[in-house]
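Novice: Got chain A sorted already, so can you dock chain B onto it with the hints?
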Amino acid sequence: MSQLEYILQQVINAVSLGSLYALVAVGLSIVFGVLKLTNFAHGDVMMVGAFTTVLLIGLGMPFVPAMICGIAASAIAGFLIERIAYRPIRNAPDVTRLLTSLAVTYILENLGILLFTSSPRNFPLPDILNSSWQLSGGAITFTNINVLTVLLTFVSLIGLGWFITRTTIGLGMRAAAEDMQAAQLVGLNVNKVIVVAFIVASAYAGLAGVLWAAQAGVVQPQMGFTPLLKAFVAAIIGGFGSISGALLGGYMLGALEIFIIAFLPDTVVPYRDAIVFALLIAFLLFRPGGLLQPNREIKL
Amino acid sequence: MKADPRIPIAVGAALLLAAGVAFGAPHMVGDYFVRILLLIALNSILVLSLSLSNGFTGVFSLGHVGFIGAGAYAAGILSLTVQQKKALLPHLPDLLNWFSLPFLPATLVAGLFAALLAVIVGYPLMRLSGYFVSVATMGFLIIVNVVLINASDFTRGARTFTGVPLATTLPWVIGWLAVTLLVLARLVYSPFGRRMKAVRDDTIAASAVGISVLRARLVAFVIGAFFAGVGGSLYAHYLGSFSPNTFYFAMTMNLIAMLVLGGMGSLSGAIIGVICVSILSELLRSVERGFTIGDITVPALFGASQIVLGFLFILIMIFRPKGIMGDRELTFGLSGRSANQNHKEGKDR
Chain A
1 MSQLEYILQQ VINAVSLGSL YALVAVGLSI VFGVLKLTNF AHGDVMMVGA FTTVLLIGLG
61 MPFVPAMICG IAASAIAGFL IERIAYRPIR NAPDVTRLLT SLAVTYILEN LGILLFTSSP
121 RNFPLPDILN SSWQLSGGAI TFTNINVLTV LLTFVSLIGL GWFITRTTIG LGMRAAAEDM
181 QAAQLVGLNV NKVIVVAFIV ASAYAGLAGV LWAAQAGVVQ PQMGFTPLLK AFVAAIIGGF
241 GSISGALLGG YMLGALEIFI IAFLPDTVVP YRDAIVFALL IAFLLFRPGG LLQPNREIKL
Chain B
301 MKADPRIPIA VGAALLLAAG VAFGAPHMVG DYFVRILLLI ALNSILVLSL SLSNGFTGVF
361 SLGHVGFIGA GAYAAGILSL TVQQKKALLP HLPDLLNWFS LPFLPATLVA GLFAALLAVI
421 VGYPLMRLSG YFVSVATMGF LIIVNVVLIN ASDFTRGART FTGVPLATTL PWVIGWLAVT
481 LLVLARLVYS PFGRRMKAVR DDTIAASAVG ISVLRARLVA FVIGAFFAGV GGSLYAHYLG
541 SFSPNTFYFA MTMNLIAMLV LGGMGSLSGA IIGVICVSIL SELLRSVERG FTIGDITVPA
601 LFGASQIVLG FLFILIMIFR PKGIMGDREL TFGLSGRSAN QNHKEGKDR
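In the order they appear, the protein sequences are chains A and B. When we follow the working numbering, the leftmost residue of the first sequence carries the number 1, and every step to the right adds one. When we follow the working numbering, the leftmost residue of the second sequence carries the number 301, and every step to the right adds one.
Check the hints yourself; a few may be wrong.
Stated by the list, open to error - For lysine to aspartate or glutamate, the following EDC-like pairs were computed, each having C-alpha atoms within a straight-line distance of at most 20 angstroms:
id, chain 1, residue 1, chain 2, residue 2
1, B, Lys-622, A, Asp-94
2, B, Lys-385, B, Asp-453
3, B, Lys-497, A, Asp-94
Quick caveat, the hints were computed from the structure, so don't treat them as lab data.
Isolated chain A, as found in the complex (with noise of 0.2 angstroms):
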């Protein structure tokens, strides 16, 4: 295997597992974005999507309409911690958001283990997503679940795109991410812009839910978490709270952990998750604004 094969199949997977980041930390950036909430619970909201996908396989229906129903089911479920746990407390201090997330996560993913048990499942991929494409005499692999990971998540990108600039209630979202109050003033309908804004984040959740859980072959209760910590660390790198950031950190940090696997030494790759955290804590630290927002200031 040559030198420039070895890369390109790295482009490959830093490619792949950037689009499940990126996808992921767009639904955090939204949400955060309008509520200036760090949601805990998005990645049960993944979970949720992937199970609901799993079960309706299991009941004999075809993968892509399972799949649509598990994206439903996972905007449905952000519409409903929305409104059970997360409107009540809408004005509350920073801390007591944080804390309310994290006990939807916990009680989720509770629930998840009551109904499913903690093992984890198989998930049944169809065989024309399983085959796998090999170039240049099987030096270059790579399979159809991640030629469709990275279609859709272009495609969903740009629907996203579409959607907060060409229609109200996207402009809506926007405005209230800016300045809320303002946006109420000016005649905005902020519990509308809210309710959307939690379906189309737990969409992307359950999408990205299917995708992570496709590409990994099982499900479990816990599935959602490390995506959630890894999707964090790419939001705030491209900028907490903005979409092109969330989109330009997922793939950012999917390229780091695949440089790290493939490129540095094998004392060093088991600490890959110790390097994508004190990375979070350098730009929370220095560049607290990410990327995209190099001047905005949060400390004390």
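Specialist: Just chain B now, with coordinates in the frame of chain A:
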């Protein structure tokens, strides 16, 4: 003004009572209750140490369990016998593998180790506020977890760390709880404690009147970490065997729930929170195992108790965000006034 002496006195009186319980309980009640008492006292130490930064200084750290884990592993490594070290940790550096410390010195070293770690971590991180400090300290917790899993020369990696002598008894824990309470009461109800609360309540105003925000936060963080390390050592010597994931998000969530339920600005509130959550989860756990009433059999529902606790937590956040005690203290009738009133009076003088 000097620190109000009534609170430490009241605390001391309560501790004398507790000492009676500590030495008397094993003779009077069964092992099960002794175990629950011990866990309540142990968790009280951990929650009190958490309340210093999260409650009194307004720096909501999610990384506190990282210090507990660091303390537990440090104490575990120190107090294994030399033979056990050779068998379980063959690659331990020569510096550490020729001696074995008794319980008390190992615990003190664990506390100091955690405090040192807190100085290093806190010096940069205590400049952050709000959710940013929460996310950054969460990053610290994850880094600690990754290091514990991978530094297998010291920690046996993801495998269980075993062989720690089971030295944690009820009198030890109550004794450490007394020390923790006295130190924290002295600190929190002192002029420095008032500075901590000023930083919490209005950071900008506090720094405008010349309070060093970083210093107040860092002192709270480091002292909290010391007692977290001590608590970690007690925990290690209670469990005997543990793994890196013992000290991770589940424990974080548990401690935070206790703190928030009891009230974030109150030492007695922290202990009340521990007692309430401990009793509640014991009760729920017995329900969770499944039971039979007459002809009706309720099957085991694993995870149900956590779900109930989670809902309770959300209800508290919505309806009583300051917890059971809020900023008030139990003073056991010795002063007849709440600590808050004393506090206000002190301001007028």
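Novice: Hint by hint, say whether it matches the structure.
Specialist: How the hints compare with the structure:
1. Lys-622(B) x Asp-94(A): Distance ~14 angstroms between Lys-622(B) and Asp-94(A) Cα, so the pair holds.
2. Lys-385(B) x Asp-453(B): Status holds; Cα separation ~11 angstroms.
3. Lys-497(B) x Asp-94(A): holds (17 angstroms)
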